[in-house]
Each structure stands twice: as structure tokens, then as C-alpha cells.
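> Residues per chain are reported as follows:
Protein chains: 2
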Amino acid sequence: MKKQNVRDLIFEAGMNSFHGMGFNACSVQDITSAAGVPKGSFYNHFDSKEALGAEIVDRYRENSKLAVLLADQSVAPGRRLQEYFTALNQRYGKSQFARGCLLGNFGMELSDQSELIREHTAAAFAQWSSELESVVAEAQAAGEMPDELSAAELASFLLNSWEGAVMRAKIDKSRTPLDIFMKFALAPYL
Amino acid sequence: MKKQNVRDLIFEAGMNSFHGMGFNACSVQDITSAAGVPKGSFYNHFDSKEALGAEIVDRYRENSKLAVLLADQSVAPGRRLQEYFTALNQRYGKSQFARGCLLGNFGMELSDQSELIREHTAAAFAQWSSELESVVAEAQAAGEMPDELSAAELASFLLNSWEGAVMRAKIDKSRTPLDIFMKFALAPYL
Numbered sequence: 001m002k003k004q005n006v007r008d009l010i011f012e013a014g015m016n017s018f019h020g021m022g023f024n025a026c027s028v029q030d031i032t033s034a035a036g037v038p039k040g041s042f043y044n045h046f047d048s049k050e051a052l053g054a055e056i057v058d059r060y061r062e063n064s065k066l067a068v069l070l071a072d073q074s075v076a077p078g079r080r081l082q083e084y085f086t087a088l089n090q091r092y093g094k095s096q097f098a099r100g101c102l103l104g105n106f107g108m109e110l111s112d113q114s115e116l117i118r119e120h121t122a123a124a125f126a127q128w129s130s131e132l133e134s135v136v137a138e139a140q141a142a143g144e145m146p147d148e149l150s151a152a153e154l155a156s157f158l159l160n161s162w163e164g165a166v167m168r169a170k171i172d173k174s175r176t177p178l179d180i181f182m183k184f185a186l187a188p189y190l
Numbered sequence: 001m002k003k004q005n006v007r008d009l010i011f012e013a014g015m016n017s018f019h020g021m022g023f024n025a026c027s028v029q030d031i032t033s034a035a036g037v038p039k040g041s042f043y044n045h046f047d048s049k050e051a052l053g054a055e056i057v058d059r060y061r062e063n064s065k066l067a068v069l070l071a072d073q074s075v076a077p078g079r080r081l082q083e084y085f086t087a088l089n090q091r092y093g094k095s096q097f098a099r100g101c102l103l104g105n106f107g108m109e110l111s112d113q114s115e116l117i118r119e120h121t122a123a124a125f126a127q128w129s130s131e132l133e134s135v136v137a138e139a140q141a142a143g144e145m146p147d148e149l150s151a152a153e154l155a156s157f158l159l160n161s162w163e164g165a166v167m168r169a170k171i172d173k174s175r176t177p178l179d180i181f182m183k184f185a186l187a188p189y190l
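Residue numbers (the UniProt record's numbering), protein chains in the order written: chain A, 1 to 190; chain B, 1 to 190.
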């Protein structure tokens, strides 16, 4: 096995295991077993489980395939926001509401435990919020949304409310919280 | 030590440790050490760490001292909702945004791991949502909120959005997400 391949195998297995089990319930041994590599190889590639966790947070956000929907200038900004959250809603529905959002999970479990992972998670949410803010500002400029509101604050409210809906869907094992979000979050502004 | 006292000590230490550390990062030994009781005494009082966790979820909800604000008929229902969330906001601000909401934390960490704790957490959120729903329905009956909306859905949206704000405050170590919630959540309806 090439070195790079082992690192990738560990990384993918780590993302999958952390997302499914949470951080603390998942050992380095769980990750290397899932990756099919020797346990000792972990530390050739990552300084610690925590370092792997921080790197996974960064990649999880970068990998978001849905961000292109927000940037698609061919669609009116208000409609882009609706289509984006509709696409997120459909994605979460596929997994029986298990797992939830890795960023939210890590944030809740680790923010008082790992300053490294907290910082990476906060940066990922800030980036996500800022992508939404751009579209809100575009919608305001286009006269689609009221422009007396702060685009940054509204974007943050939408994102945090979405995360709360994902949390409740995970707990209730039901799509209802996601559907309620779709019905209430944007309606007062669009 | 009386038996009842030992049980209470373990219970209180468990609530505190789970809230601060999360469930999986906290061992029975951590709890009995914090309680100042012998490790073996744990199993005289609780079947398992999971059983203690489920009982703590129930008590955490029952203990909410702020629920009286929602039931105070001497205050107009719309104002009651505002005062309730203001009080929640102040409470979370006191702890430097550490810990967050125990129900949200357990829900995120354990919903795919412990069906027992998931069920208790879902029931606690359902109860909380229903308390908010009653006040929304009162506000609708009083003409303070639009009555074409489902009170149950709006209550759920408010609660889930609040939980998302608490999560983000815990991650950002900032009261901004809570303040943004206060600014945006009720404004379109009151």
C-alpha cells in the first residue's frame, strides 16, 4: 500500500466513524479497523485522534457539494436560498435522520473539551454563514428581501435554526422538524 | 451515609458530569469520584450509566424553573414568550456558553447509540414544545399572533431554533447567536 492511500483510508474511515459514533465513543482502533490498516499506521499519518478530527471538520465543510447551489448566479437569490435548504432537507431525509450534521455533532460534543476542534468547527460555521449572507445580501439588493435587516444576522439565524432542526430530526427520527423549518424559516422574509 | 443520600449524590454528580463532559467521555468512576462515594455503590442504585442518563433527562426537564414563566396567566401570552426566551438567554449567558443544553447535548451524542436515552430526550422535547404551543395558542386566541399558523408547528420551530442558537453559542463561545435568536425568532409573529 502506498503511504498516501493509507492516509486516505484512515481519513475516510475516521470521517465515517466520527459521524456515526461521535468522537469520544470512537477509538483509534475503531478507525484503523474500519480502514483495514494496522493500528500503528495511524500515528504515521496523524498526530492524534484530535488532529484527525480537526482536519475532518475542515474537509467536511469544503466538500459540501450543495454550496454550488448558493453560488449559482443564474437563479434569483431568494429562490437559491429556498432550493439550497430544500436540497439540504432532502439529503438529511435519506439517512433516516441518523448521524445529523458532523459540524453540529462535534460542536456539541467537543466545544468544552477540545479547543482545537472547537476553533475549526467555529471557523466552518463562520464560513457557511458567510456564504448564506452573500445570497441574503444579493436578495436584498434585488429587492426580494427587506433590506433593513442585517444580512449577516439573518444568515446566522437561518443557519442556526437549520442546525436546531437537524438536531431535533435526529432525536425524533422524523423529517417533521426539517419540514417545519422549510415552512417557517424563510417565509417572513421572502 | 443513608442509602437515599448516596443515590442523590450520584444523581447530582452524574447530571453535572454528563453536562460538563458529555456522556461517552464520562465514566461511572468519574461520577462516583465526583460524588465522593465508592465506585461499587453506583450499581446499588442504578442499573447502568445509560439508566442514570435517562433518569437525568427526565429530571432536567422537570426541574426547569423557567417553565413557571410560561404558565403565568397574569402576563399577556406574547409577552410571556418574550420573557421566557429572555430568561433562557440570560441563564445561558452566565456559564460562558459552556455546557449548553443537556437535552440537546444528549440528543446529538446519543440518538443513534442509546434508544433508551433517545426516547427520553424526544419525550422531554415534546413536553417542552407542548408548553410553548399552549402559550402560542393563547396568543392566537388573544389576537396577538396570526391564527392561520399551526401553534404546534410554530412552537416547534421556536424551540428547535433556540436549540440551534444554544449550540452555536457553545461553539462560538459568544452570546451573539442567542441575541440574534431574540431579534429574529418572535419578531415576525408578534
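Simulated from the structure, these hints should not be mistaken for laboratory data.
Hints may be right or wrong, so weigh each one.
Which copy is meant is left open, because identical chains are indistinguishable; a pair holds if it fits in one copy or across any two.
Unchecked claim - Computed list of lysine to any residue pairs in SDA-like fashion (alpha-carbon distance at most 20 Å, straight line): (1) K183 / P146; (2) K183 / D72; (3) K39 / E119; (4) K49 / A25; (5) K49 / M21; (6) K173 / A142.
Keep in mind the model is a prediction, meaning the values are calculated, not measured.
> Give a verdict on every hint.
Here is how each hint holds up against the structure:
no., hint, in the structure
1, K183 / P146, "both (18 Å within a copy, 15 Å between copies)"
2, K183 / D72, "neither (23 Å within a copy, 29 Å between copies)"
3, K39 / E119, "neither (28 Å within a copy, 36 Å between copies)"
4, K49 / A25, "both (12 Å within a copy, 14 Å between copies)"
5, K49 / M21, "both (14 Å within a copy, 17 Å between copies)"
6, K173 / A142, "neither (38 Å within a copy, 34 Å between copies)"
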